[in-house]
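In my numbering, the protein residues as written are 349 to 503.
The hints are simulated quantities; they were obtained by calculation from the structure and are not laboratory data. If a hint is listed, it holds; no wrong ones were tucked in.
DSS-like, lysine-lysine: derived pairs with alpha carbons at most 30 Å apart:
{"#": "1", "residue 1": "Lys-464", "residue 2": "Lys-440"}
{"#": "2", "residue 1": "Lys-378", "residue 2": "Lys-392"}
{"#": "3", "residue 1": "Lys-487", "residue 2": "Lys-464"}
{"#": "4", "residue 1": "Lys-353", "residue 2": "Lys-378"}
{"#": "5", "residue 1": "Lys-464", "residue 2": "Lys-493"}
{"#": "6", "residue 1": "Lys-493", "residue 2": "Lys-440"}
{"#": "7", "residue 1": "Lys-440", "residue 2": "Lys-487"}
{"#": "8", "residue 1": "Lys-392", "residue 2": "Lys-353"}
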Amino acid sequence: MPNLKLDDIDRRILLELQSNARISNVELSKLVGLSTSPCLRRVKALEAHGVIEGYVSLLNQSAVGYPVSVFVNVTLERQVEPSLEHFEAAIKERPEVVECYLMTGDADYLLRVVTKDLESYERFLVDHLTRIPGVSSIKSSFSLKQVSFRTALPL
349 MPNLKLDDID RRILLELQSN ARISNVELSK LVGLSTSPCL RRVKALEAHG
399 VIEGYVSLLN QSAVGYPVSV FVNVTLERQV EPSLEHFEAA IKERPEVVEC
449 YLMTGDADYL LRVVTKDLES YERFLVDHLT RIPGVSSIKS SFSLKQVSFR
499 TALPL
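Working from the sequences, and respecting the hints, build out all of it.
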């Protein structure tokens with residue numbers, strides 16, 4: 349999709365929606381200085397161009413029973429397209445993997461895995477991650493404390 353040229357009003361709309369996606373169009377239009385119809389048209393255009401990909405509710409990870417965050421570096425035996433595709437397809441099936449990035453550097457992938465406890469992570473590791481063909485190395489780092497977490501982009 350071609351990039352949409354964002355002006356100052358678009359950026360103000362996006363900033364407001366990043367902080368409160370449930371805001372009404374009436375309130376949003378007041379905050380960005382537009383009447384309601386043009387404001388809604390702009391939001392729809394931002395959605396249509398893929399600038400706004402969707403709307404979500406952010407949950408407190410500990411409050412819903414998943415207090416453990418593990419960052420996992422995975423190295424594959426061979427970094428060739430079929431191996432990458434197979435690994436990525438297997439990872440997308442695992443709900444405990446909330447983020448996965450193809451990386452440069454020492455590891456091929458960086459995962460963020462959330463679990464209820466250490467035993468749950470061990471089951472994920474033994475029953476799933478180590479069984480993906482082509483995985484040669486797995487290094488896990490456990491988060492002690494989340495210092496900063498943002499979903500809003502710095503517009």
